[in-house]
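Put together the whole structure using the sequences plus the hints.
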Amino acid sequence: MGIQERLIEDVGLRRGVSQLTPEKIEKVVNAVLKGETGARLKTYAETCMRCGMCAEACHFAGSHPGDPSYTPAGKVHQTMSVLLDKKGRVDPDFVYGMAQLAYTECNLCRRCVHLCPIGIDTAYIMSTVRRICHKLGVTPQYMQDTAHSHASTFNQMWVKDDEWTDSLMWQEDEAREEFPGLRIPLDKEGADIYYSVIAPEPKFRTQLIYQAAAIMHMAGVDWTMPAQTGWDNSDMCMFSGDFEMMGRLKRQHFESAQKLKVKRIVMGECGHAFRSVYDVGNRWLGWRWHPVPVIHAVEFYWELIQEGKIKLAKKFPGPVTIQDPCNIVRGRGLQEKLREVTRFLVDGDIIEMHPNREHNYCCAAGGGVINCGPPFKNVRVDGNLVKAEQLKATGVKTVITPCHNCHGGLHDIIHHHKLGMELKFLSDIIYECMEKPEV
Amino acid sequence: MHPPTLWNWEPGQRVILSSIKCPEVCAWVEEPYASPDGEKLAMLASMGEDGFTALVNGEQWGNNFEKAWYPRFSPDGRLTAIVQQDGMWTLAVDGEAWEESFDYLWGTQFSSEGDVIAACIQSGGEYGLCLDGTPWETLYENANQPVLSADGQSSAAVVQLESLKPADLEGFAAGVYGVAVNGVSWGTNYMNVWTPTFDPQGKRVAAQVRTTLYDYSIVVDGKKWAGNYGCVWEPRFNPATGSVVAPVRVAGAWGLAQDDQIIWEPKFSQCWHQVISQDGKNIAAIVAPKFGAFTVVMNGKPWSISMPVVTDLVVARQGEVVAALGNTDNRGWRVMVDGKFWDGVWDMAWTPVISPMGGHVAVKVEKAGRQSLVVDGRVYPREFTKVWEPTFSPDGTKMLIRALDKDAFLRIVAEVGRA
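Residue numbers (the working numbering), protein chains in the order written: chain A, 354 to 792; chain B, 10 to 428.
Hints in this document: simulated from the structure, not taken from any laboratory.
Please read these numbers as outputs of a predicted model, since none were measured by experiment.
Cβ atoms here follow ideal geometry from the backbone N, Cα and C, with glycine treated the same way.
Don't take each hint at face value.
Unchecked claim - Derived list of chain A stretches under chain B, where covered just means 3 residues or more per stretch with a C-beta under 8 Å from a C-beta of chain B:
1) 356 to 369
2) 483 to 494
3) 509 to 517
4) 576 to 587
As the list claims (entries may be wrong) - Listed below are the simulated EDC-like cross-link pairs for lysine to aspartate or glutamate, each with C-alpha atoms no more than 20 Å apart in a straight line:
5) A:LYS488 / B:ASP177
6) B:LYS30 / B:ASP414
7) B:LYS76 / B:ASP59
8) A:LYS488 / B:GLU179
9) A:LYS513 / B:GLU135
10) A:LYS556 / A:GLU527
11) B:LYS76 / A:GLU516
12) A:LYS789 / A:GLU660
13) A:LYS612 / B:ASP338
14) A:LYS612 / B:GLU398
15) A:LYS612 / B:GLU243
16) B:LYS395 / A:ASP540
17) A:LYS377 / A:ASP444
18) A:LYS513 / B:GLU171
19) B:LYS76 / A:ASP540
20) B:LYS232 / B:GLU243
21) B:LYS376 / A:ASP545
22) A:LYS513 / B:ASP112
23) B:LYS376 / A:GLU542
24) A:LYS667 / A:GLU785
25) A:LYS616 / B:GLU398
26) B:LYS76 / B:GLU105
27) B:LYS415 / A:ASP575
28) A:LYS556 / B:GLU150
29) A:LYS387 / A:GLU376
30) B:LYS395 / A:GLU542
31) B:LYS299 / A:GLU389
Below, the structure written as structure tokens:
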């Protein structure tokens, strides 16, 4: 078994490979390998012992027992190892499979790093494969379209400049009915907090903006949202392999905050964007760290609770379970703060999934996989039976997950497996339970 | 009042407004904005069910609006705000709305003298700019990254020239974006266009373009440089020669190109925010000679000091003074002038201001929630609740300080030598 036996037709992948020749492939592969990689990739390639310890780390492998082609080492074996062994002399059909595997069967979740005895970061290898695929022009249609949106509008959902502020004002109007005097301050120079979101929020999850404004208002936070581009902290270009555009997006994001002379950026409940701003995109631009401190919503809510600024009128009825988003837990270590916030909000137990915290399984939507769109929906749903079993074993009805991609991924898994569970952002619960003014 | 030669430069302090507290007739007031000459302080105010208005030195505009946001003073001292009336949007200038209104309006810009006011508009789902209320004759499916020339006589934006179907990879690859100047497209499509910018005379426009997913370049008045680069940043015109200078990325490193010829070898981890002195003889930029360490490079030579982050680069007219700000994690701000740190570490600092003749530098700073100024390296002996960025008199001997002291808005003219 291998990727070539499970190819799925995709407009973007097909279009890309139709324009390839073996000569072009060889040239591009070697340009990336020689120009953009070094000791790290060489070390990984030469030290993997094929011990198989990584197999149980991967939700795709766990969901396809007995098929080593889904294991992290198996994925590398089918992609980067071939490129290295053949020095880039592969054909377009190989590239199709390589791209499908790299973009849709690996979430870059980095769980396998924990189980590898020598710490090989398969996500780095697969990111490099994606970088090669991008340079070859072979990316899934929907992911590439998202990258195009980023390039054209500086957000991932083609939101035009007027639609952004109009959405904020709409939510401000709505919220003022419930919270008299509430403001979403736009371009307020010198604010303590610059609140950034991802484009699905103004596009179709506007209640999250409403809820954030309500929490900021009731907590008395000095905050602002930018009126200009830079407001979307998300970054599918990081995952498509278009690092130049990733850098452009992160520059726009950070410079919009720098221009307003804010103290910190607080970002909504999104995982991949956090990875982009605190680890990947910022460093492509030459900053060792982020140039403006970035605080994930989990940590921000935790701070507000510690400071007594979130007051509850009631608690949310438990029990609940928690989906640990990879990029803020394995990536930033927010697992305990996430639980402390949850305990503050919930009346009842936290029934943990097993394994959990930094060892939790990915939702299978992250790493840009959900952005590859409908053709690959079943890949990620079938590829995460492990998650379905984890969720079912908790026996609870509510899953708290502070990440947009986790929401999308778990929603499909819950629906497909008829688990009868509901998903909640932390802000859903805070808004539902917090003290509100009597109007 | 404009220009600054006409401002009152008599040294001393005046209380322009004794209190910025919310008057009883208002539900709330928003952030204060000071006029450039320091003679007016404005705040938007909610009048409850009667909508919004502005207070200027405590006096209400004659008109209320359903909504009002983005209050900004023009350089010539007129107060503007984006307002909604009968569900339509327009701009109010000193309380009077433009006759024209649009489905949406945003992004107010001013000419350098303040005599022309521009804004982005959306009308019937089409986009463009309007100048003093007059929209471009041709509107587009989208228009963004607007820019107004210094004299206000020309405007430009990136425009979408053709529609895209959902997830239309072919259409995008063919190129649907271009530049419109005064509403007229150059007629050339590109995959992407960013940051159109005018020359100082407002006659020419340069922009960044991407012609494929991998080929970046600079286009000037519709003509692309022959060279392609791994990436580029925003171009700038040399005010004296008209040459176009832009950071370019070659083999993973950044340098500077002028008219498509490399003038600073690509050896930096980053190179951006280039500034060219008015005499055209000096080019400064923010660079990272190595990963994680930023500084300023002047005519190709980096300063010996560096910080993890460097921002707010400014250059005197003749290039005789170069100033920037450095910080660590958005804290520990330092002022950097001509390759040396000033004493003092601040919680925040604002863009340095250089006197017109180039002899003095002033910087607004904040520490422990109090704001003040640093002038030529010396801390102004007074702190404020809030201070605006200072302005030097045309001869550079005096400095206008606009500040809130508790609730009072003050206008202070200080002699620079004694500041």
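Do the hints match the structure? See the list:
Counting residues of the segment 356 to 369 of chain A whose C-beta lies closer than 8 Å to any C-beta of chain B gives 3; at least three are required, and the coverage claim holds. Counting residues of the segment 483 to 494 of chain A whose beta carbon lies closer than 8 Å to any beta carbon of chain B gives 4, which reaches the threshold of three, so the coverage claim holds. A stretch counts as covered by a chain when three or more of its residues have a beta carbon under 8 Å from one of that chain; for the segment 509 to 517 of chain A and chain B the count is 3, and the coverage holds. Evaluation of the coverage hint for the segment 576 to 587 of chain A: fulfilled, as 3 residues show C-beta separations to chain B shorter than 8 Å, against a requirement of three.
As the CA atoms of A:LYS488 and B:ASP177 are separated by approximately 19 Å, the hinted pair is consistent with the 20 Å bound. Note on B:LYS30 and B:ASP414: the hinted pairing holds, with a Cα-Cα distance of about 13 Å set against a maximum of 20 Å. Distance restraint check for B:LYS76 and B:ASP59: the Cα-Cα separation of roughly 10 Å lies within the 20 Å cut-off, and the hinted pair is therefore satisfied. Among the hinted pairs, A:LYS488 with B:GLU179 is consistent with the structure: their alpha-carbon atoms are about 17 Å apart, no more than 20 Å.
Our distance criterion of 20 Å between C-alpha atoms is met by A:LYS513 and B:GLU135, whose separation comes to about 11 Å. The suggested pairing of A:LYS556 with A:GLU527 holds, with an alpha-carbon distance near 16 Å, which does not exceed 20 Å. About 16 Å separates the Cα atoms of B:LYS76 and A:GLU516, which keeps this hinted pair within 20 Å; it holds. Of the supplied pair hints, the one linking A:LYS789 and A:GLU660 holds, its CA atoms being roughly 18 Å apart against a limit of 20 Å.
For the suggested pair A:LYS612 and B:ASP338, the alpha carbons sit about 15 Å apart, so the restraint of at most 20 Å is met. For the suggested pair A:LYS612 and B:GLU398, the alpha carbons sit about 14 Å apart, so the restraint of at most 20 Å is met. For a cut-off of 20 Å, the pair hint linking A:LYS612 to B:GLU243 stands: about 17 Å separates their Cα positions. Using a Cα cut-off of 20 Å, the hinted pair B:LYS395 and A:ASP540 holds, with the two alpha carbons roughly 17 Å apart.
Taking the CA atoms of A:LYS377 and A:ASP444, the gap is about 10 Å. The hint holds against a cut of 20 Å. Restraint check: the Cα-Cα separation between A:LYS513 and B:GLU171 comes to about 15 Å, which is no more than 20 Å; the hinted pair holds. A distance of roughly 16 Å separates the Cα atoms of B:LYS76 and A:ASP540; the hinted pair therefore holds under the 20 Å criterion. Distance hint between B:LYS232 and B:GLU243 is fulfilled; the C-alpha atoms sit about 16 Å from each other, no more than 20 Å.
Between the alpha carbons of B:LYS376 and A:ASP545 the distance comes to roughly 14 Å, so the proposed pair stays at or under 20 Å and holds. Note on A:LYS513 and B:ASP112: the hinted pairing holds, with a Cα-Cα distance of about 14 Å set against a maximum of 20 Å. Proposed proximity of B:LYS376 and A:GLU542 is supported: the alpha carbons are some 16 Å apart, at most 20 Å. Proximity of A:LYS667 to A:GLU785 is assessed by CA-CA distance (about 9 Å); at most 20 Å being required, the pair is judged to hold.
With a C-alpha separation of about 18 Å, the suggested pair A:LYS616 and B:GLU398 falls inside the 20 Å cut-off, and the hint holds. Between B:LYS76 and B:GLU105 the CA atoms are separated by roughly 14 Å; this keeps the pair inside 20 Å, and the hint holds. For the hint pairing B:LYS415 with A:ASP575, the CA-to-CA distance comes to about 18 Å; that is within 20 Å, so the pair holds. As the CA atoms of A:LYS556 and B:GLU150 are separated by approximately 18 Å, the hinted pair is consistent with the 20 Å bound.
Using a Cα cut-off of 20 Å, the hinted pair A:LYS387 and A:GLU376 holds, with the two alpha carbons roughly 16 Å apart. Straight-line distance between C-alpha atoms of B:LYS395 and A:GLU542 comes to about 12 Å, which keeps the hinted pair within the 20 Å bound. A threshold of 20 Å between alpha carbons decides the hint, and for B:LYS299 with A:GLU389 the separation of about 17 Å falls inside it, so the pair holds.
In this structure, none of the earlier numbered hints is contradicted; all agree with it.
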